[in-house]
Every structure is written in structure tokens, then in C-alpha cells.
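Q: These protein sequences, in sequence, are chains Y and S. So for the first sequence, my numbering puts the first residue at 327; every next one is plus one. So for the second sequence, my numbering puts the first residue at 101; every next one is plus one.
Quick caveat, the hints were computed from the structure, so don't treat them as lab data. There could be a bad hint or two in this list.
To be verified - DEER-style ranges, computed between Cβ atoms:
hint, chain 1, residue 1, chain 2, residue 2, range
1, Y, Asn367, S, Asn159, 24 to 32 Å
2, Y, Glu397, S, Arg130, 43 to 51 Å
3, Y, Tyr365, S, Arg130, 22 to 30 Å
4, S, Gly128, Y, Ser335, 32 to 40 Å
5, Y, Ser396, S, Ala102, 27 to 35 Å
6, Y, Ser329, S, Leu212, 17 to 25 Å
7, Y, Lys394, S, Asn177, 38 to 46 Å
8, Y, Leu382, S, Leu111, 19 to 27 Å
9, Y, Pro440, S, Glu152, 48 to 56 Å
10, S, Thr153, Y, Pro440, 49 to 57 Å
Cβ coordinates follow ideal geometry from the N, Cα and C atoms, glycine included.
Next come the chains, spelled out residue by residue.
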Amino acid sequence: AQSVTQLGSHVSVSEGALVLLRCNYSSSVPPYLFWYVQYPNQGLQLLLKYTSAATLVKGINGFEAEFKKSETSFHLTKPSAHMSDAAEYFCAVSGRDSSYKLIFGSGTRLLVRP
Amino acid sequence: KAGVTQTPRYLIKTRGQQVTLSCSPISGHRSVSWYQQTPGQGLQFLFEYFSETQRNKGNFPGRFSGRQFSNSRSEMNVSTLELGDSALYLCASSVERTGELFFGEGSRLTVL
Chain Y
327 AQSVTQLGSH VSVSEGALVL LRCNYSSSVP PYLFWYVQYP NQGLQLLLKY
377 TSAATLVKGI NGFEAEFKKS ETSFHLTKPS AHMSDAAEYF CAVSGRDSSY
427 KLIFGSGTRL LVRP
Chain S
101 KAGVTQTPRY LIKTRGQQVT LSCSPISGHR SVSWYQQTPG QGLQFLFEYF
151 SETQRNKGNF PGRFSGRQFS NSRSEMNVST LELGDSALYL CASSVERTGE
201 LFFGEGSRLT VL
């Protein structure tokens with residue numbers, strides 16, 4: 327069965343510092359991988375997705391993630407944090423079948439200090 | 101292009117009642133899925149509909165049900181509400197097989 331593990335329920339960085347949010351997946355075959363962001367009282371917004379093209383995926387708002395099959399990881403990074411990045415981030419995986427079911431990680435809340 | 105629209109945004113019910121939530125997907129999207137979000141359990145898949153057929157179902161009791169109409173709009177129903185059903189219910193629509201979902205802002209249900 328597929329699963330996703332996000333290390334760290336809370337991550338705190340200073341404005342301008344590197345953002346690194348960790349995600350590891352468990353899947354028998356390379357899945358589709360996603361990062362979503364959720365701002366307070368809102369739904370989820372797709373940041374980026376990996377679908378087996380380039381292993382380094384660039385998303386919106388300056389975020390990117392690298393798919394590493396050997397490490398079964400899909401960590402999210404941003405070179406310089408902005409106050410507006412404060413939100414909750416979810417890593418998710420889906421199978422390469424006709425199902426649109428996503429399995430989400432438990433989420434990481436990003437705090438950005440001025 | 102309008103996004104996914106969910107109604108109502110907020111509602112309060114009492115135990116034992118039933119509730120119906122509505123979701124209008126992005127125009128042209130034929131797949132609609134539902135997720136429950138709670139602080140304790142996180143985001144959990146409820147079910148997914150495609151062309152009026154339920155294609156996938158999560159591990160929830162039969163009190164949770166849904167349907168999809170010919171115009172792709174979807175509803176989910178929870179009967180005999182329990183306190184633990186208090187949650188944010190998110191609807192998402194999709195057009196591609198890659199699983200990219202577009203989420204609505206959710207319906208926040210409080211059960212007293």
C-alpha cells in the first residue's frame with residue numbers, strides 16, 4: 327500500500343532563509359507525487375507535481391522539489407522564505423492507475439519569522 | 101474559469117441529524133472526489149466519482165455516501181451525525197489521469 331511520511335509537523339525559518347520540507351513515500355512503483363499548500367480557512371492549492379518527466383520539478387511561488395528514487399524522497403525547497411509562505415504544506419502520492427485517489431502526508435506547518 | 105465551489109461553507113448540526121454537502125466542479129472536469137480533514141486524522145479520502153459512477157471509496161462507514169449528477173456536480177451525505185464527524189470536508193475535481201486535483205475551499209461541519 328502507498329504511504330507518505332512528512333518529517334516535522336512544524337518547521338520554523340527566518341525570512342530569507344532556505345525552506346526545506348521533507349517527504350518520503352512508500353510505493354512499489356514510482357508514483358505520481360504532489361505538494362499542496364493550505365492557507366488558513368482555505369482549500370488546498372497545488373504547488374507542483376512529479377509525473378516521471380524531469381526529476382527536478384519547479385512549481386509556483388519559487389518552490390521546487392526533487393524526486394530521488396534511491397531515497398524514495400520528494401523534498402520541497404525554496405531558496406528564500408517569504409512571510410507569505412507561512413502555511414501548511416502537504417505531500418501526496420497517487421498510483422499510476424485510473425484512480426484519482428490521493429494519499430496525503432500528515433502535513434508540515436511552516437512558520438516564517440521576521 | 102470558475103474554481104470548485106462548495107456549499108455551504110459553514111454549518112452546525114446536532115448529533116443524530118443528517119447533512120448534505122454540495123460541490124460544483126470546474127467546468128469540463130468529470131471526476132469529483134471528497135476528502136475529510138480533521139486535526140487528528142489529517143486528510144482522508146472519502147470517495148471519487150467519474151461520470152456518475154463511484155470509482156473508489158475510502159474506509160468510512162456506510163453513513164457516508166455520495167452521488168454525482170449528469171452535469172458532474174456532486175453531493176455527499178452524512179446520516180446519523182456523530183461528534184467525530186466534525187471536520188472540514190473538501191471536494192476536488194480533476195480532468196487528467198495524473199491525479200492533479202483542484203480543491204474547493206471546503207465545507208466546515210460542526211456537530212454538537
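Q: Are the hints correct? Go through all of them and say.
A: Hint by hint, here is what the structure shows:
For the pair Asn367 (chain Y) and Asn159 (chain S), the supplied restraint of 24 to 32 Å holds, since their beta-carbon distance comes to about 27 Å. Between Glu397 (chain Y) and Arg130 (chain S) the beta carbon distance is about 36 Å. The supplied range of 43 to 51 Å is therefore violated. As the Cβ distance of Tyr365 (chain Y) to Arg130 (chain S) is approximately 28 Å, the hint placing it in 22 to 30 Å holds. Distance hint for Gly128 (chain S) and Ser335 (chain Y): a CB-CB separation of about 37 Å, consistent with the stated range 32 to 40 Å.
Checked against the given bound of 27 to 35 Å, the beta carbons of Ser396 (chain Y) and Ala102 (chain S), roughly 42 Å apart, lie outside it. Checking the proposed 17 to 25 Å range against Ser329 (chain Y) and Leu212 (chain S) shows it is violated: the Cβ atoms sit about 34 Å from each other. The hinted range of 38 to 46 Å is satisfied by Lys394 (chain Y) and Asn177 (chain S), whose Cβ atoms lie roughly 42 Å apart. The given range of 19 to 27 Å is broken by Leu382 (chain Y) and Leu111 (chain S), whose C-beta atoms sit roughly 43 Å from each other.
In this structure the hint that Pro440 (chain Y) and Glu152 (chain S) lie 48 to 56 Å apart at CB holds, the actual value being about 51 Å. Judged by the Cβ atoms, the range 49 to 57 Å given for Thr153 (chain S) and Pro440 (chain Y) holds: they are separated by roughly 51 Å.
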